[in-house]
Amino acid sequence: MKKHLSKWIALVLAIALLLSVNSAMAESGKKTLTIGDSVTFATLEPFQSTSITGVAYNCLYENLASKAATGEVIGYIAKSWEKTGDLTYNVELYDYVYDSAGNHITAKDVEYCYTKMLGVANALYYASCVATGEYTVDLTLKDDTMGGIENPLMTVPIVSQAEYEKSSDFMASNPVSTSHYIVSDYTSGSSISFIKNENYWQKDESLIAPVSRANYDEVKFISILEASQMKIALETGVVDAIENMSSTQVTEFLDGGAKADKFQTVDISSGMTVLINLFLSGVESSAFHDDVNLRKAVAYAIDRNGVAMGATNGLGRACTVFGSDYSGDAPDYYEAEGGWLPYNPTLAKEYLAQSNYVPGTKLRLLAEVNTSRAAQVIETYLNAIGISVDISTPDSAVYHANYNDPNTYDFAICLSGFDYNSTYWYKQYRDVGRGYSRHGWVDPELHAAVANINTVQGHTQENINKVGKMFDERVYGIPLYNQYLYYTTNRALQYTDFNWTVTGYLALWACTTK
Amino acid sequence: MLKYFAKRILWMIPIVICVALLIFSLMRLIPGDPARMLVSRDATEEEYLNKRVELGLDEPFLTQLGKFLTDTFLHFDFGKSYMTKTSISRDIGPRMVRTMELGLLAAAFAMITGILLGITAATHVKKWQDSLCMIIALVGISMPAFWAALLLIMLFSVKLQLLPPSGIGGIQYYILPAISVGLYGTATFARQIRSSMLDVIGSDYVTTARSKGLTEREVIYKHALPNALIPTITIIGGFLGQMFGGSIVIETIFSIPGMGLYLITGINNRDYPVVQTCVILLSIIFCIAMLLVDLAYAMVDPRIKARYASSKVKRNK
Amino acid sequence: MSANEEMIRRLAKDRLAMLGLLIFVAEIIVAVFAPLIAPSDPFAMDFTSMLSAPSSAHLMGCDEMGRDIFSRIIYGTRYSLGLGISVVVVSTIAGTIIGAIVGYFGGVADAVIMRIMDVFQSIPSLLQSVVISVVLGTGFFNTLLALSIHRTVGSARLLRGSIMGMRHMEYLEAADALNCSKLRTILKHVLPNSFTPMIVYATAGIASAIMSASTLSFIGLGIIAPTPEWGAMISSSRNYFIEYPHTVLFPGLAIAITVFALSVLGDGLRDALDPKLKN
Amino acid sequence: MNSKDQSAPFLEVKDLEVFYSAGKQKVQAVNGVSFSLQKGRSLGLVGETGAGKTTIAKAILRILPHASATVKNGQILLNGTNLLSLSEERMRDIRGNEIAMIFQDPMTALNPILRVGNQITEAILHHSSMTKAEAEKHAMEMLEMVGIPAERFGEYPHQFSGGMKQRVVIAIALACNPALLLADEPTTALDVTIQAQVLHMIAGLKEKLGTSMILITHDMGVVASSCDDVAIVYAGQIVEYGTLEQIFDHPSHPYTRGLFNAIPSMNIDQEYLEPIDGLPPDPTHLPEGCYFSPRCKYAAEACKTGNMPVITTADGHLCRCCQYNLVAKDEKK
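Chains W, L, Z and D, in that order, are what the protein sequence lines are.
Take the first sequence: its position 185, counting from 1, is numbered 185 in my numbering, and each next residue is one higher.
Take the second sequence: its position 51, counting from 1, is numbered 51 in my numbering, and each next residue is one higher.
Take the third sequence: its position 120, counting from 1, is numbered 120 in my numbering, and each next residue is one higher.
Take the fourth sequence: its position 124, counting from 1, is numbered 124 in my numbering, and each next residue is one higher.
Keep in mind that the hints were calculated from the coordinates and are not lab data.
Only a predicted model underlies this, so the values are computations on that prediction, with no experimental measurement involved.
Take the hints with a grain of salt, since some may be wrong.
Cross-link-like lysine to any residue pairs, in silico, SDA-like; alpha carbons within 20 Å at most [to be verified]:
id, chain 1, residue 1, chain 2, residue 2
1, L, K126, D, A22
2, W, K83, W, V130
3, W, K362, W, S392
4, L, K67, L, A108
5, D, K297, D, G278
6, W, K79, W, S167
7, L, K222, L, G237
8, L, K85, W, Y57
9, W, K67, W, E82
10, W, K259, Z, L51
11, L, K305, D, P112
12, L, K159, W, A258
13, L, K51, W, S51
14, L, K85, W, L118
15, W, K30, W, L493
16, D, K304, D, L273
17, D, K14, D, I63
18, W, K166, L, S87
19, W, K67, W, A258
20, L, K126, D, Q25
21, W, K116, L, R52
22, L, K51, W, L118
23, L, K85, W, S167
24, L, K67, L, L29
Based on the provided sequences and hints, a complete structural model is requested.
What follows is the structure, encoded as structure tokens:
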């Protein structure tokens with residue numbers, strides 16, 4: 001038996017060696033950084049929605065403008081810009097911008113990139129971009145929404161047109177850009193590795209924007225989809241940092257937690273706000289259609305702190321305003337300590353009595369897998385005052401389809417990120433193009449008000465309060481809580497000199513190492 | 001015999017086309033709309049409709065079907081993924097290799113451990129080795145692959161920190177996934193080999209072998225085992241089916257970008273071309289694997305090979 | 001009836017199969033009387049004891065929503081066993097009908113249906129269930145359908161095989177000679193004799209149906225949270241099974257024990273029904 | 001039980017007892033068998049199925065299944081050495097080399113997935129130091145000897161008929177020129193015409209190679225055509241032992257008589273054959289005294305107790321029966 005056993009084991013080892021695809025990367029003396037992310041890195045193509053490459057997108061491509069440490073928008077590839085017409089700006093580029101293959105970036109390339117991006121990405125704020133000189137372009141906005149010129153300047157990737165058209169798969173696997181980092185190794189669906197671009201075009205250190213600083217020689221992004229695997233990878237040292245650990249896992253890594261000695265965690269939700277909302281459906285088939293009492297009953301019946309506690313183990317902050325507390329432009333007239341429509345079950349019962357809700361009818365609550373805990377907590381609060389709920393948590397594709405058809409639900413939980421309340425109200429309550437808002441509310445007066453405060457001149461505190469009051473009467477939606485967004489890294493990293501509130505993400509590669 | 005297998009390969013073509021038809025129509029029945037997944041949640045109706053036109057989803061069902069069939073089967077062009085707009089055939093190549101490697105390793109693990117368990121059980125009937133091996137086999141059958149994966153990760157990656165918990169790289173990344181997928185196979189092999197070994201050990205030609213004065217080991221490994229292995233070849237087919245299915249779950253847990261993960265991401269994003277390509281390729285690989293199993297069965301057992309040969313001879317007259 | 005007594009006597013002698021039968025019956029009782037047995041309501045949330053380890057209050061601890069895992073596992077037997085048995089029942093009936101028609105009448109019907117079955121069998125079983133389950137959506141009956149299709153093809157093919165084998169047997173020709181109607185022949189002669197392989201295939205079927213159902217739930221299809229299905233329970237606590245292993249350990253054990261019992265029972269039945277006894 | 005021994009017997013079996021344990025019961029297959037065999041002679045072991053004939057042969061070759069069979073006592077002396085006391089390793093040198101065995105059902109006696117030639121060379125290579133080529137040449141000679149064209153060396157067992165397969169089995173057995181050939185009902189599974197050829201061929205080879213043989217059968221015709229001595233076996237005991245002529249001319253044990261009466265004889269046209277009534281005893285609990293007594297016409301009180309004496313009959317062969325003189329009186333012939 002033994003002679004045979006050894007033969008079998010030898011066979012297994014032979015097969016194993018035969019299959020070993022690529023040997024582990026040699027650990028050179030250089031400073032390396034490995035970041036775990038839950039995106040699939042399916043393609044590195046410049047003109048795409050950023051969810052495919054996540055934070056790594058900022059290592060791949062640069063934009064015309066960037067954010068300074070102070071938060072002010074500064075020119076990067078563009079030297080400066082000034083308003084020349086009602087909606088047009090003339091942007092002047094630096095004339096010494098080169099990509100890693102040595103191509104000289106000119107206005108023609110910028111025009112090409114902006115036109116290409118228009119055909120691909122969505123929800124952009126500019127209408128067109130035309131080259132006027134060797135290093136000047138005219139950028140025309142779609143309308144005078146808030147944030148005007150800054151957004152287009154900071155979202156479009158800049159690559160050389162010649163290089164892009166030369167690449168067989170449109171730079172999906174071998175991007176060439178002006179970035180401070182060059183892609184050294186890429187396995188689709190698994191990992192991207194960068195090395196520092198030694199002859200980076202911006203030689204003047206003082207002009208390099210915080211995000212574009214390259215303080216590590218090698219940076220590697222690894223795709224880990226399974227949340228528990230992400231945590232294990234951090235603990236076993238496979239990765240140095242991970243983003244957005246789930247609330248139940250992160251408690252150990254917070255200060256004072258069991259693992260706080262070896263790891264550190266920072267909450268960057270002040271920069272990148274993730275708001276969880278309960279939107280009521282306004283179509284005829286919805287129970288909330290012209291029944292403001294029921295809407296108010298539901299608003300008062302839900303203790304937003306309880307929901308935050310239940311859904312995120314206490315690692316979330318209940319909304320006290322109609323919108324996110326972190327955003328600067330919130331109505332400022334709430335006097336009561338609980339802020340907007342504070343939790344008051346008795347008042348909720350009164351409103352419920354006045355509403356035409358028939359006890360026993362089940363209100364259809366639509367939620368996603370990652371918001372199902374919040375839905376289950378809301379169900380208990382509504383059951384407490386006598387409203388019964390039927391939760392459905394379909395997979396994300398079905399959720400997307402149902403969420404966009406208000407007839408399929410009475411109310412829906414939606415998780416979304418955003419910067420300012422005004423832009424957020426505008427998106428959620430504007431007229432979608434057929435006389436009613438996204439959730440089916442027909443309210444021309446509100447549509448107009450929300451559109452107005454989203455413009456540069458309409459964005460005043462007085463207008464915001466006016467709109468705030470309109471929401472208080474209508475209660476079309478109930479903002480629930482802000483979920484804290486964490487970055488967890490091992491103690492070797494430090495990032496105090498990087499202002500993430502400004503960029504909304506933590507560019508670890510740009511932080512000075514210890 | 002080649003004529004028989006040629007016929008079977010030819011017969012595979014209509015089957016694969018039917019599979020393509022089936023999956024194409026099933027995808028159109030699936031709730032949820034790819035265009036809706038691509039535009040942001042706050043997009044306007046008009047942006048959504050443009051996206052539908054861009055993806056060609058607004059054309060009538062039959063035109064889409066016609067275009068799909070001609071592309072796939074005439075030009076062998078699987079088209080572009082909705083999500084990443086990259087060509088699928090380029091993306092799916094390395095992924096198919098990874099899934100096949102995982103499958104090969106899982107099959108090797110399952111067969112080697114299965115044969116070892118089966119032989120020890122069969123050669124020590126009614127002794128403690130027999131019941132021990134069969135208990136291990138029963139445990140192997142009853143443990144769900146995903147649960148086994150989680151436990152293995154907990155033990156080997158977290159507690160002992162011997163093996164990497166996820167990702168791809170050298171062979172050590174494939175060991176835990178292969179074991180979780182192969183566990184079910186180990187159990188089926190062990191039980192099958194034990195029962196066929198017991199049949200074979202009782203048969204006359206084993207007694208003849210013993211009467212020749214061969215050592216017990218030679219009798220078992222030279223005469224009994226080869227005959228016992230033949231029926232086990234058929235269950236390799238069943239095991240491969242289960243393995244292809246299982247890879248969907250295991251690749252998600254271990255973040256191995258193989259066909260399973262590509263398919264599941266495709267389904268979640270309603271990426272029709274990706275799902276269609278994965279299902280078609282998986283069923284082709286599965287059919288070929290089953291064919292190879294039958295081929296192996298015929299090659300190994302002269303009696304069956306003769307039957308094919310004779311059928312061929314008869315036809316020539 | 002002596003053949004059946006003989007079979008039962010042989011089955012009773014197989015201690016492992018008896019253990020399997022015992023566990024199976026115990027689980028059915030637990031499933032039926034779940035409300036009486038379960039210490040607390042499986043859906044009741046108690047935020048104070050979120051993810052608490054097994055304690056006297058909660059025998060198997062609590063899950064991420066503070067629900068008692070022990071009662072959820074007890075209620076879970078309804079879904080897992082219920083699904084397993086109903087999948088087998090549905091697919092055996094459907095398989096028998098198709099198999100009988102195809103097997104006995106043969107000719108065009110046989111060729112067409114066999115080719116359709118080839119198409120279904122050329123797609124791996126779990127892959128098939130995943131795709132169909134995505135089409136139908138989640139929930140008990142949709143999962144039941146998704147899992148039954150593959151098993152129906154299997155049992156139909158099995159029955160067709162045994163019918164084809166028996167068609168040339170004398171007693172069937174004798175039945176034709178007495179010009180009994182085709183249906184009566186099938187019901188009276190063919191089915192009872194192909195009864196044995198179907199029974200063995202069915203018991204093994206319950207085990208693999210439970211396994212596939214829990215796998216489907218694990219990837220978010222099939223039966224999903226908040227329903228206390230074992231696979232879904234593992235899936236919803238897979239993000240923190242390292243810190244709180246009890247949330248994954250107990251549901252997994254429940255699946256393993258059920259599938260173990262059914263496989264052992266299936267083996268016992270096969271050996272008891274199959275005259276060629278293996279020692 | 002040994003007949004007149006001119007020289008030291010080539011093979012001697014003394015008081016061999018073997019039983020099988022199946023679950024709690026003990027099957028007493030062989031209950032004190034003794035006989036001896038001269039070099040070059042062939043002994044026929046005759047008896048109904050289940051009488052323990054095959055067990056005796058397997059005991060000699062020591063290939064009884066370890067798990068269930070146990071040799072309670074007895075000796076098997078081959079040229080003086082007791083095979084039962086040999087080490088397994090030493091016994092293996094004898095198996096296939098000095099003692100060989102042919103089995104009953106040729107259809108399953110050959111390994112279906114090994115070429116016929118290789119199954120012969122395997123035995124040769126194992127026991128001799130020949131090179132592979134020499135072994136193959138010798139194997140082809142063996143095939144020719146058993147009447148199979150050498151070209152079929154590379155074919156598989158399923159390409160041979162029953163008779164041809166039995167010839168291959170014989171070729172395998174005689175490949176190493178064994179001193180003793182144990183043939184366990186070699187022709188029972190074959191039809192009559194093939195049976196005669198195979199028996200004739202075995203007899204020829206026996207002469208040519210001088211092999212002594214123990215032929216196990218329940219067919220008196222086969223014994224008559226191939227054996228020198230005969231031992232009648234009943235319920236694990238030899239009830240009558242003698243030369244062919246002695247047994248055929250003067251069957252003296254009632255069971256032997258019964259066997260002969262059960263065969264239709266060519267010259268007398270009999271309406272009814274006389275079957276031996278009753279069934280062979282249940283080996284798990286054998287009757288007291290003479291095992292044949294329940295079915296014996298001459299059974300008397302004495303037969304029921306103690307073990308039967310072995311007496312020498314008139315013409316000098318042995319018979320285990322206490323009513324011998326009664327039986328001898330009404331000898332039919």
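How the hints compare with the structure:
1. L:K126 - D:A22: Given that 20 Å is the threshold and the Cα spacing comes to 12 Å, the pair holds.
2. W:K83 - W:V130: holds (15 Å)
3. W:K362 - W:S392: With a Cα-Cα distance of about 12 Å, the restraint between K362 (chain W) and S392 (chain W) holds, given a limit of 20 Å.
4. L:K67 - L:A108: Violated, at about 41 Å.
5. D:K297 - D:G278: Holds, at about 11 Å.
6. W:K79 - W:S167: violated (28 Å)
7. L:K222 - L:G237: violated (25 Å)
8. L:K85 - W:Y57: holds (17 Å)
9. W:K67 - W:E82: With a Cα-Cα distance of about 17 Å, the restraint between K67 (chain W) and E82 (chain W) holds, given a limit of 20 Å.
10. W:K259 - Z:L51: At roughly 18 Å apart (the allowed maximum being 20 Å), L51 (chain Z) and K259 (chain W) satisfy the hint.
11. L:K305 - D:P112: The given pair, whose Cα atoms are some 12 Å apart, holds under the 20 Å limit.
12. L:K159 - W:A258: holds (16 Å)
13. L:K51 - W:S51: Given that 20 Å is the threshold and the Cα spacing comes to 17 Å, the pair holds.
14. L:K85 - W:L118: holds (16 Å)
15. W:K30 - W:L493: holds (15 Å)
16. D:K304 - D:L273: It is violated: about 28 Å lies between the C-alpha atoms, which goes past 20 Å.
17. D:K14 - D:I63: This hinted pair holds, its Cα atoms lying about 18 Å apart.
18. W:K166 - L:S87: Since the Cα atoms of K166 (chain W) and S87 (chain L) sit roughly 17 Å apart, the hinted pair holds (cutoff 20 Å).
19. W:K67 - W:A258: violated (36 Å)
20. L:K126 - D:Q25: holds (17 Å)
21. W:K116 - L:R52: Holds, because 19 Å separates the two Cα atoms, which is no more than 20 Å.
22. L:K51 - W:L118: holds (13 Å)
23. L:K85 - W:S167: The hint holds at about 15 Å.
24. L:K67 - L:L29: Holds - the C-alpha atoms of L29 (chain L) and K67 (chain L) are around 18 Å apart, at most 20 Å.
This entry does not satisfy hints 4, 6, 7, 16, 19, going by the numbered hints stated previously.
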